[in-house]
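Using our numbering, the first residue of the sequence shown is number 132, and each one after it goes up by one.
It should be emphasised that the hints constitute simulated quantities derived from the structure, not laboratory data. Just so it is clear, CB atoms sit at the ideal spot from N, CA and C, and this is done for glycine as well. You may find that some hints are simply not true.
[As the list claims (entries may be wrong)] The calculated DMTMM-like cross-link candidates involving lysine to aspartate or glutamate, where the alpha carbons are at most 20 Å apart (straight line), are:
| id | residue 1 | residue 2 |
| --- | --- | --- |
| 1 | Lys556 | Asp253 |
| 2 | Lys486 | Glu474 |
| 3 | Lys223 | Glu258 |
| 4 | Lys498 | Glu474 |
| 5 | Lys235 | Glu555 |
| 6 | Lys542 | Asp232 |
| 7 | Lys486 | Glu508 |
| 8 | Lys486 | Asp469 |
| 9 | Lys543 | Asp253 |
| 10 | Lys248 | Asp548 |
| 11 | Lys423 | Glu474 |
| 12 | Lys282 | Glu238 |
| 13 | Lys486 | Asp526 |
| 14 | Lys248 | Asp232 |
| 15 | Lys458 | Glu443 |
| 16 | Lys245 | Glu222 |
| 17 | Lys509 | Asp476 |
| 18 | Lys486 | Asp476 |
| 19 | Lys483 | Asp468 |
| 20 | Lys431 | Glu443 |
| 21 | Lys223 | Glu246 |
| 22 | Lys239 | Asp469 |
[Stated by the list, open to error] Restraint-style ranges between C-beta atoms, simulated for each label pair:
| id | residue 1 | residue 2 | range |
| --- | --- | --- | --- |
| 23 | Gly263 | Glu551 | 21 to 29 Å |
| 24 | Ile472 | Cys216 | 30 to 38 Å |
| 25 | Ile195 | Asp469 | 52 to 60 Å |
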Amino acid sequence: MTTAEQQAEHQIRTPKKTQKAFKQKPKKANPMITPERKADLEKQQYRIVGNHSVVKVCSWTKLILVIFIIILILAGLTFTSKEKCEKMEVEKDSVNFKYDDNNKIIEKTIEFYKEGKLMSQDNYTYEYDDKGNIMTITLKSKGPQTTLAKKKIYRFYYNQTEKGLIRETMKSYFENGSFVGKEERLIRQIYSDLKPNETMMPKHFIEKINRYLVYFEDHIYELVKENKKENLRKSWLVRTKYHDNLPVKIVIENNDPSFYLDQIKITYAHEKGRVIERIEQKDFNHQNKNKKTKRIQRFKYDEEGDIIRFTEQSYIRGKLHSNRTYKYDKQNNQIEDDIYIHEKDSPVAYRKTSKYLFDNEGRLIEKRMNEYDIYLEKNKTELANNEIEKYYLNDAGELTKSEFEKGTWNKKYTGLDVIEKKDEKGRLKEKIRINWKLTCN
């Protein structure tokens with residue numbers, strides 16, 4: 132069979148589509164590509180496309196390098212932030228003690244510093260009798276810019292038969308005397324104010340007398356205030372009478388016509404001897420301006436009779452002004468305080484919530500406070516401020532450290548450190564309290 136016959140037979144057996152596929156036009160050579168350039172292109176095609184492992188290794192290397200750079204940046208930021216923030220001493224008070232052979236304090240010195248500068252120094256010396264009762268306390272005070280120290284002497288008098296303190300007096304530039312009765316109630320108190328370079332005649336003289344009398348179920352309380360310099364005298368007489376399961380009415384007689392309070396009405400409601408509601412209404416007439424206020428107090432108890440919630444509402448001219456609620460736990464510790472205040476005609480109300488956390492011994496260890504602005508027209512509440520206080524106590528219940536955080540956006544950190552130093556006998560030799568704040572540049 133000749134060559135022409137073989138080609139004719141192949142065309143008959145092969146489909147037309149296949150015949151077209153076999154027919155390829157000859158490629159024209161690119162005159163710009165030299166044989167050397169063509170060899171280089173073939174090598175690059177084999178290295179990039181033919182060998183997939185080279186591409187994978189390059190990708191993983193870049194990823195690891197990026198992660199390592201990010202870690203270095205974060206570590207550098209953390210290091211620089213720690214370097215810029217430091218504790219700054221704001222206030223400091225130091226107390227030093229000295230003892231006698233009987234382990235009684237004979238001298239105490241208190242120094243107060245502010246931003247590293249000594250502001251005041253108080254020195255106490257103690258004297259005792261043969262029985263170990265304290266007889267006199269002498270105080271010498273000195274400021275940073277004064278050379279003359281103020282001096283106060285406290286003297287104590289004892290009743291030998293009843294073996295108890297019956298009177299305490301104090302003489303100094305600021306004269307003050309107090310007398311204690313048998314039931315250790317303050318029955319008279321006198322204040323006077325003097326300066327070191329003045330005579331002993333008092334410049335101001337105020338006398339306040341509190342007298343308590345009890346007769347059967349009636350309680351009488353009299354309060355007298357007098358200021359001789361301004362020639363003012365105010366007195367009140369309160370009578371209270373209690374009845375079981377009936378409202379208790381208190382009538383107040385005002386003996387001072389210049390006093391602006393005209394009328395007071397107080398009502399108590401009792402349930403099984405416990406107060407569950409108290410209403411107080413006051414009518415004021417001062418400088419021709421009428422003002423009426425009303426206060427309602429409600430109490431809630433548990434089955435054992437302990438108070439668990441106390442609510443107080445106040446009204447001014449018939450509109451709610453404030454609402455406050457206290458909550459208590461089984462140990463009668465206040466665990467929550469919620470107050471709401473709305474001033475007259477103001478579109479914004481104020482709310483403050485405080486929560487308290489106690490340990491198993493009933494000691495306060497944490498306090499959290501939030502303040503809110505309530506937009507009444509928009510019915511919207513926004514957090515305005517928050518505070519967190521933490522207290523650290525030792526086994527004896529003494530405060531050793533506290534931390535305070537304030538601010539919603541621009542936070543401020545302050546705290547208190549307490550340092551105690553003892554002598555070789557285990558007695559307290561020095562106690563230092565440092566108030567600090569955290570400053571960051």
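Holds or violated: Lys543 to Asp253, with C-alpha atoms at most 20 Å apart
Outside the cut-off at roughly 32 Å; violated.
Would the pair Lys282 and Glu238 pass a check requiring their Cα atoms to be no farther apart than 20 Å?
holds, 15 Å
Within a Cα-Cα threshold of 20 Å, do Lys248 and Asp548 meet the stated pairing?
OK: Lys248 and Asp548 at ~18 Å, within 20 Å.
Hey, Lys223 versus Glu258, does the alpha-carbon distance stay inside 20 Å?
Given pair Lys223, Glu258 is violated - Cα atoms ~28 Å apart, limit 20 Å.
20 Å limit on alpha-carbon distance, applied to hinted pair Lys542 and Asp232
Distance ~51 Å between Lys542 and Asp232 Cα, so the pair is violated.
Would you mind confirming whether the straight-line C-alpha gap from Lys248 to Asp232 stays at or under 20 Å?
violated, 35 Å
CA of Lys486 to CA of Asp476, is that 20 Å or under?
With a Cα-Cα distance of about 30 Å, the restraint between Lys486 and Asp476 is violated, given a limit of 20 Å.
Agreement of Lys223 and Glu246 with the hint, judged by alpha carbon distance not exceeding 20 Å
holds, 8 Å
Pair hint outcome, Lys431 versus Glu443 [Cα-Cα no greater than 20 Å]:
holds, 12 Å
Measure nothing beyond the straight line between the CA atoms of Lys486 and Glu474; if it is 20 Å or shorter, mark the hint as holding.
This hinted pair is violated, its Cα atoms lying about 24 Å apart.
Is it true that the C-beta distance of Gly263 to Glu551 lies inside 21 to 29 Å, as the hint says?
holds, 25 Å
Measure nothing beyond the straight line between the CA atoms of Lys556 and Asp253; if it is 20 Å or shorter, mark the hint as holding.
violated, 25 Å
Checked against the numbered hints given earlier, this structure breaks hints 1, 2, 3, 4, 6, 7, 9, 13, 14, 18 and 22; the rest are met.
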